[in-house]
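2 protein chains.
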Amino acid sequence: MSVILLFMGVERILPKASGIGERKIIELLIQNFNQMPEMVIPFGDDVSAVSIDKTQLAILKTDMLVGKTDIPPGMTLWQAARKAVIMTISDLASKGVKPIALLIALGLPRETSRVNIEEIAKGLNAGAQEYDVYIIGGDTGETSDLIICCVAFGITVKNKLITRSGAKVGDILAVTGFFGKTGAGLKILIDGLKVPPKIRKELLKAVYLPKAHLKEGLILANLGGVSASIDSSDGLAISLHELRKMSNVGFTLTKLPISPETFEFAKLYGLKPEELALYSGEEYELVLTITPKKWKSAKSIVEEMGGTLIAIGKATENKEICFQKEAVYSEILYKGWEHFRS
Amino acid sequence: MSVILLFMGVERILPKASGIGERKIIELLIQNFNQMPEMVIPFGDDVSAVSIDKTQLAILKTDMLVGKTDIPPGMTLWQAARKAVIMTISDLASKGVKPIALLIALGLPRETSRVNIEEIAKGLNAGAQEYDVYIIGGDTGETSDLIICCVAFGITVKNKLITRSGAKVGDILAVTGFFGKTGAGLKILIDGLKVPPKIRKELLKAVYLPKAHLKEGLILANLGGVSASIDSSDGLAISLHELRKMSNVGFTLTKLPISPETFEFAKLYGLKPEELALYSGEEYELVLTITPKKWKSAKSIVEEMGGTLIAIGKATENKEICFQKEAVYSEILYKGWEHFRS
Numbered sequence: 001m002s003v004i005l006l007f008m009g010v011e012r013i014l015p016k017a018s019g020i021g022e023r024k025i026i027e028l029l030i031q032n033f034n035q036m037p038e039m040v041i042p043f044g045d046d047v048s049a050v051s052i053d054k055t056q057l058a059i060l061k062t063d064m065l066v067g068k069t070d071i072p073p074g075m076t077l078w079q080a081a082r083k084a085v086i087m088t089i090s091d092l093a094s095k096g097v098k099p100i101a102l103l104i105a106l107g108l109p110r111e112t113s114r115v116n117i118e119e120i121a122k123g124l125n126a127g128a129q130e131y132d133v134y135i136i137g138g139d140t141g142e143t144s145d146l147i148i149c150c151v152a153f154g155i156t157v158k159n160k161l162i163t164r165s166g167a168k169v170g171d172i173l174a175v176t177g178f179f180g181k182t183g184a185g186l187k188i189l190i191d192g193l194k195v196p197p198k199i200r201k202e203l204l205k206a207v208y209l210p211k212a213h214l215k216e217g218l219i220l221a222n223l224g225g226v227s228a229s230i231d232s233s234d235g236l237a238i239s240l241h242e243l244r245k246m247s248n249v250g251f252t253l254t255k256l257p258i259s260p261e262t263f264e265f266a267k268l269y270g271l272k273p274e275e276l277a278l279y280s281g282e283e284y285e286l287v288l289t290i291t292p293k294k295w296k297s298a299k300s301i302v303e304e305m306g307g308t309l310i311a312i313g314k315a316t317e318n319k320e321i322c323f324q325k326e327a328v329y330s331e332i333l334y335k336g337w338e339h340f341r342s
Numbered sequence: 001m002s003v004i005l006l007f008m009g010v011e012r013i014l015p016k017a018s019g020i021g022e023r024k025i026i027e028l029l030i031q032n033f034n035q036m037p038e039m040v041i042p043f044g045d046d047v048s049a050v051s052i053d054k055t056q057l058a059i060l061k062t063d064m065l066v067g068k069t070d071i072p073p074g075m076t077l078w079q080a081a082r083k084a085v086i087m088t089i090s091d092l093a094s095k096g097v098k099p100i101a102l103l104i105a106l107g108l109p110r111e112t113s114r115v116n117i118e119e120i121a122k123g124l125n126a127g128a129q130e131y132d133v134y135i136i137g138g139d140t141g142e143t144s145d146l147i148i149c150c151v152a153f154g155i156t157v158k159n160k161l162i163t164r165s166g167a168k169v170g171d172i173l174a175v176t177g178f179f180g181k182t183g184a185g186l187k188i189l190i191d192g193l194k195v196p197p198k199i200r201k202e203l204l205k206a207v208y209l210p211k212a213h214l215k216e217g218l219i220l221a222n223l224g225g226v227s228a229s230i231d232s233s234d235g236l237a238i239s240l241h242e243l244r245k246m247s248n249v250g251f252t253l254t255k256l257p258i259s260p261e262t263f264e265f266a267k268l269y270g271l272k273p274e275e276l277a278l279y280s281g282e283e284y285e286l287v288l289t290i291t292p293k294k295w296k297s298a299k300s301i302v303e304e305m306g307g308t309l310i311a312i313g314k315a316t317e318n319k320e321i322c323f324q325k326e327a328v329y330s331e332i333l334y335k336g337w338e339h340f341r342s
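Listed in order, the protein sequences are those of chains H and P.
Mapping of the first sequence onto my numbering: position 72 corresponds to residue 72, and the numbering continues sequentially without gaps.
Mapping of the second sequence onto my numbering: position 101 corresponds to residue 101, and the numbering continues sequentially without gaps.
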């Protein structure tokens, strides 16, 4: 596996310069689109859907990986291609939908070698195989940077679909893992920071080999009781704000799910571990709300399959999103990874 | 509507330089993908498919439009965005499948203005509305050139799907319109050729405002008797060769469907109209084979709806593809529009 030299633009991994901002762009687009009558899932959720019949939905998702913004330094082409698949599958995972097939639209710079193309193909296939799904078609084009548009298709039963909009006051807020590793890993790579090998390995693994929590999503959708869910690719803080917007509740967190490696890394460089956990992004955990009645069985069913489900707070009537530590409430800001924006 | 200034690279519209070649890239990719068991449509057809149940298929397609290779000089952003939609819908049209929903993955250069984004959105929506389909989701990213990945989804009944592989010896080869206009139009734009206003208008319209022959595709799939079909986006010659490869027949053409404007243009500049009609690409006609039994009803049903269906030859046992004029047979080469290749 060759390390990427082709795709420059490291400074854009954490965007700095001007621009309209991804969310504003999406808003402008949607304003100009005629809306499908009886749209099953509104714009702004993790996936889109079309009714097949009375009970079934076709689920569709496309995610675009761009070399200069989505490939961190040192990531191989194999890893980048696999990541493009993971990003897309993670969105279906958050809705509790099993992907059946993938399409790949691949933009390659003219100078891409045969070896590089094979490495990309193998990475795409590895990501697909990990989640028991097949690539069945796609398109290629000549681009100045590597572009991988991954399209995922799945079918689900209407009453099992979990959207972003069902969280109710009193529901338990939970996540499938610990946060902060990707943010710390990106800092190591971009700023060339030194850390002990063991921590470094774990933090870089989070960056180079992300995982989609499909098993958790499927098992929880099957159990029922998950009122809302989102994948945390834009960071924990933005994920909470998006859930709030779509569900019209607030959240009070009583625990921040920070990984031990993130604590160690933060200590070394005088950083706040909370900031790394909340505002990084490029993590593919599920952020869910679960009814109190189903919480115990949800937790045990996920743990039985070898996964993690951590309660971190509750949905509240108050629309704020804050972290409560003893009697102190601190606001969690709408801040994190966003393409295009400073 | 502002004319594109952002997206340079005019010389690449007809690729000249080195590179592996799009078909070889696709071959390399497919070789490295695990193949889905019981794949409904093999790699290399216009669309991909997944079984929904015993009778229905989910049809999926993604097509990538890239600024520097797919946007001719003088094309507006509105037209480019619309074209991205038309390209994708045309593939479904060739299979006789009605698109239900579209997703758009949009890569925009950082400097893209609000006005430009709105123009792109309006173009996408216009293309969708023309074919009675809705955009239901997508993704955005920051790219150095404009990238539009359009994803189309449709549902069809298994026994109505038309693939590239069903042509039988004796079937009538037909097309939905005349060829050569796009090739002539691109020559005008790229080489700055002068032609009388009336012809110029017609030739540039073919470039800037292509149409997908969805109505024809749907009505013919419904009638039955279409044994194979392909959309001619790679040019008439390559389309015939692809049909041959998948159907294992040859074709003898007794008529070349050349538009009158192409004749006039070719005469002005001492070019061969046959070359323009066969080897240009970026046209979205359907190239079909139809059983002799159904030919008459196919022709009249398409003409009744205001369309065109022109018989241009027959499928033959001999695997060659040639044009017969009186007693002279000239070979039709595998040549045309292909990204990445000289």
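For the record, the hints were derived by calculation from the structure and aren't laboratory data.
Glycine included, C-beta positions come from ideal geometry on N, C-alpha and C.
Treat the hints with caution; some may be incorrect.
[What the hints assert, rightly or not] Interface residues of chain H toward chain P, partial, derived using beta-carbon atoms under 10 angstroms:
no., residue
1, I26
2, I30
3, V47
4, P73
5, G74
6, T76
7, D139
8, E142
9, V151
10, F153
11, G166
12, K168
13, V169
Against the structure, the hints come out as follows:
1. Because the smallest distance between the Cβ of H:I26 and any Cβ of chain P comes to about 6 angstroms, under 10 angstroms, the interface hint for this residue holds.
2. A least Cβ separation of about 8 angstroms between H:I30 and chain P falls short of the 10 angstroms threshold, and the interface hint therefore holds.
3. The beta carbon of H:V47 comes within 7 angstroms of a beta carbon in chain P, closer than 10 angstroms, and the hint placing it at the interface holds.
4. Taken as an interface hint, H:P73 does not check out: its beta carbon lies about 17 angstroms from the nearest beta carbon of chain P, beyond 10 angstroms.
5. Against a cut-off of 10 angstroms between C-beta atoms, the interface hint on H:G74 is violated, since the closest Cβ of chain P lies about 21 angstroms away.
6. For H:T76, the shortest C-beta to C-beta distance to chain P is roughly 15 angstroms, which exceeds 10 angstroms, and the interface hint is violated.
7. Look at H:D139: its Cβ gets to within about 5 angstroms of chain P, closer than 10 angstroms, so that hint holds up.
8. Taking 10 angstroms as the C-beta contact cut-off toward chain P, the hint placing H:E142 at the interface holds, the least distance being around 5 angstroms.
9. Taking 10 angstroms as the C-beta cut-off, the interface hint given for H:V151 holds, the closest approach to chain P being about 5 angstroms.
10. At its closest, the beta carbon of H:F153 sits 6 angstroms from a beta carbon of chain P; the interface hint therefore holds under the 10 angstroms criterion.
11. Because the smallest distance between the Cβ of H:G166 and any Cβ of chain P comes to about 19 angstroms, over 10 angstroms, the interface hint for this residue is violated.
12. Violation of the interface hint for H:K168 is found here, the shortest Cβ-Cβ separation to chain P being roughly 25 angstroms, above the 10 angstroms cut-off.
13. For H:V169, the interface hint is violated, since its Cβ never comes within 10 angstroms of a Cβ in chain P; the closest pair sits about 29 angstroms apart.
When held up to the earlier numbered hints, the structure conflicts with 4, 5, 6, 11, 12, 13 and fits the remainder.
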